[in-house]
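Could you put the whole structure together from the sequences, leaning on the hints where they help?
Residue numbers (the working numbering), protein chains in the order written: chain A, 1 to 220; chain B, 1 to 120; chain C, 1 to 162.
Just so you know, nobody snuck in bad clues.
Keeping only pairs whose Cα atoms sit at most 30 Å apart, straight-line, the calculated DSSO-like set for lysine-lysine is: (1) A:Lys65 / B:Lys33; (2) A:Lys15 / A:Lys65; (3) B:Lys44 / B:Lys19; (4) B:Lys19 / B:Lys67; (5) A:Lys65 / C:Lys151; (6) B:Lys44 / B:Lys58; (7) C:Lys41 / C:Lys84; (8) C:Lys146 / C:Lys81; (9) C:Lys119 / C:Lys151; (10) C:Lys132 / A:Lys109; (11) C:Lys54 / A:Lys15; (12) A:Lys65 / C:Lys20; (13) A:Lys109 / C:Lys151; (14) A:Lys65 / A:Lys109; (15) C:Lys77 / C:Lys41; (16) C:Lys77 / C:Lys20; (17) C:Lys41 / C:Lys20; (18) B:Lys66 / B:Lys94; (19) B:Lys19 / A:Lys15; (20) C:Lys41 / C:Lys17; (21) C:Lys119 / C:Lys20; (22) B:Lys33 / A:Lys15; (23) C:Lys132 / C:Lys151; (24) A:Lys65 / C:Lys132; (25) B:Lys94 / B:Lys58; (26) B:Lys23 / B:Lys44; (27) C:Lys77 / C:Lys119; (28) B:Lys19 / B:Lys98; (29) B:Lys33 / B:Lys44; (30) B:Lys58 / A:Lys65.
Residues on chain A that point at chain C, a partial pick, calculated with CB under 7 Å: (31) Pro70; (32) Pro73; (33) Ala156; (34) Asp158; (35) Asn176.
These are calculated hints, taken from the structure and not from any lab test. The structure displayed is predicted, hence computed values, not measured ones. Each residue gets a CB set at the ideal place from its N, CA and C atoms; glycine is no exception.
Listed below are the residues making up each chain.
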Amino acid sequence: MTGGTPEDRHEILTKLHADHLDALQEIGNIGAGHSATALSQLLNRRVDMSVPRAAICSIEEFSTKILSDPEEPLVAVISETSGDVAMHLVGLFDLASINRLMWIIRKQKVEDNLMEISTIDRSFICEIGSILLLHYVSAITEFTDLLMFPQVPSIAIDMGKAILDSILLLNAVDYNTVLSIEVDIFTDNVQLNSTMVMLPDRHTLNRIMSQLFSEGWAQE
Amino acid sequence: MSNVLIADDSTFMRLMIRKILTKHGFSVIGEAKDGEEVVQQYAKLRPNLVTMDIVMPKLNGIEAVKKIVQFDPDAKIVMVTALGQEQLVIEAIKSGAKEFVIKPFNEAQVVNAVASVSNA
Amino acid sequence: MSTEHITAGIGEIRIGKSPKVLQAIALGSCVGIALYDPQPKLGGLSHAMLPLEKETRKHSYSPGKFVDSAILLMIHKLVKKGAKPNRFVSKLVGGARMFEIKNLDIGTRNVQSARAALKNAAIPIVAEDVGKDFGRTVHFYLSTGKLLIRKAGGSRRHWREL
Numbered sequence: 001m002t003g004g005t006p007e008d009r010h011e012i013l014t015k016l017h018a019d020h021l022d023a024l025q026e027i028g029n030i031g032a033g034h035s036a037t038a039l040s041q042l043l044n045r046r047v048d049m050s051v052p053r054a055a056i057c058s059i060e061e062f063s064t065k066i067l068s069d070p071e072e073p074l075v076a077v078i079s080e081t082s083g084d085v086a087m088h089l090v091g092l093f094d095l096a097s098i099n100r101l102m103w104i105i106r107k108q109k110v111e112d113n114l115m116e117i118s119t120i121d122r123s124f125i126c127e128i129g130s131i132l133l134l135h136y137v138s139a140i141t142e143f144t145d146l147l148m149f150p151q152v153p154s155i156a157i158d159m160g161k162a163i164l165d166s167i168l169l170l171n172a173v174d175y176n177t178v179l180s181i182e183v184d185i186f187t188d189n190v191q192l193n194s195t196m197v198m199l200p201d202r203h204t205l206n207r208i209m210s211q212l213f214s215e216g217w218a219q220e
Numbered sequence: 001m002s003n004v005l006i007a008d009d010s011t012f013m014r015l016m017i018r019k020i021l022t023k024h025g026f027s028v029i030g031e032a033k034d035g036e037e038v039v040q041q042y043a044k045l046r047p048n049l050v051t052m053d054i055v056m057p058k059l060n061g062i063e064a065v066k067k068i069v070q071f072d073p074d075a076k077i078v079m080v081t082a083l084g085q086e087q088l089v090i091e092a093i094k095s096g097a098k099e100f101v102i103k104p105f106n107e108a109q110v111v112n113a114v115a116s117v118s119n120a
Numbered sequence: 001m002s003t004e005h006i007t008a009g010i011g012e013i014r015i016g017k018s019p020k021v022l023q024a025i026a027l028g029s030c031v032g033i034a035l036y037d038p039q040p041k042l043g044g045l046s047h048a049m050l051p052l053e054k055e056t057r058k059h060s061y062s063p064g065k066f067v068d069s070a071i072l073l074m075i076h077k078l079v080k081k082g083a084k085p086n087r088f089v090s091k092l093v094g095g096a097r098m099f100e101i102k103n104l105d106i107g108t109r110n111v112q113s114a115r116a117a118l119k120n121a122a123i124p125i126v127a128e129d130v131g132k133d134f135g136r137t138v139h140f141y142l143s144t145g146k147l148l149i150r151k152a153g154g155s156r157r158h159w160r161e162l
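Structure (structure tokens):
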């Protein structure tokens with residue numbers, strides 16, 4: 001990428017080739033694979049996952065490509081990491097998946113409306129989500145050999161787009177594009193399905209790429 | 001001499017496994033990026049051993065194992081995958097895989113698994 | 001005959017004339033700023049994400065993304081269409097604190113920035129549904145200047161009018 005404004009030359013997303021995206025997909029694969037294993041142990045069932053997708057898109061497109069209905073209430077468990085690698089990790093669950101989860105583990109159903117979930121159920125779901133996210137993070141830590149400290153995950157239950165856009169804000173100060181890596185983990189013929197979204201910031205991307213590609217990645 | 005076929009939808013992973021195996025004296029004779037391709041490549045190249053990911057487009061790794069074992073019951077297949085659940089390990093072994101390595105792996109894990117299966 | 005709905009996506013400003021309806025979907029920490037000139041029934045809706053433009057380290061020109069620059073740009077666009085700023089009224093929606101991570105509460109800062117920018121422009125805020133911890137969708141009816149606001153899980157009957 002030549003020319004352009006000084007910002008362009010620092011814009012890491014323009015430096016990413018298919019190989020780099022591929023490596024990022026593999027990170028998503030490994031992270032989600034560990035989450036899937038953890039979920040499998042929790043539920044005592046087989047858990048599968050989708051082929052990971054790493055894509056760069058505009059801020060506006062980000063939520064719309066992940067969500068079928070931007071206003072549909074979803075559960076999001078969110079973890080932020082600090083250390084060498086700062087990123088946001090989000091586990092998304094829809095009503096049907098939460099019901100499936102609650103049924104398998106506790107033989108109960110939530111309300112028909114996710115917004116009316118009890119405090120106890122909310123806390124329980126946050127715990128489950130937290131386990132999935134922590135496994136994801138530790139897998140990436142091993143793979144990239146980078147230090148990552150996950151913060152205590154938090155939970156939000158609201159319109160999917162409101163949640164995702166609000167997470168984006170934190171990355172969006174300087175840029176209008178975002179890189180995300182998405183993988184679905186699912187069980188019971190997709191009755192329980194969670195989309196795991198990884199959002200590394202630019203600095204983190206640079207670190208990861210330097211680590212994985214050493215000679216093939218220009219240092220910033 | 002061990003001729004190996006690598007199956008993984010990630011270019012990056014195929015490269016990593018190739019590097020490790022080549023360094024340890026194995027010969028990588030082919031690569032496949034999805035389950036259908038690995039079955040085709042197996043029939044064409046007749047490798048001594050296959051490293052097989054599970055999550056792949058078109059046909060997943062376990063289904064691919066079943067197909068390969070159908071026409072070559074002695075096929076030597078090592079699963080190399082991010083999905084490390086007990087149920088899947090059992091299913092893969094029942095389908096005909098001989099060994100299982102879970103990502104992220106270190107070099108020694110891959111080499112040991114491949115060597116033990118190829119020497120068996 | 002259904003009325004045309006125009007969506008202001010994230011970082012966008014949309015203006016229009018009665019009887020159109022402007023809308024912003026699923027505002028979380030983002031803030032929706034509605035401006036209205038009741039005489040020609042011209043209005044604008046800005047869906048802004050971040051409080052202050054000058055906080056960007058690198059300047060890629062996206063005025064709609066930042067509350068302060070978005071409001072200025074929206075005023076400018078409306079004036080170009082014949083609206084008169086001395087008649088403008090404004091309403092605010094959104095700026096929620098969606099989760100407990102982080103100390104910096106962008107939603108609140110967005111709302112503060114909007115209040116400051118509107119005060120500077122001498123535009124009164126006549127109504128608002130801001131803050132708290134939930135997302136909102138807003139429909140801005142240019143025929144009346146009214147807003148209809150909906151929370152997650154709300155059906156057609158659960159619109160709040162502002």
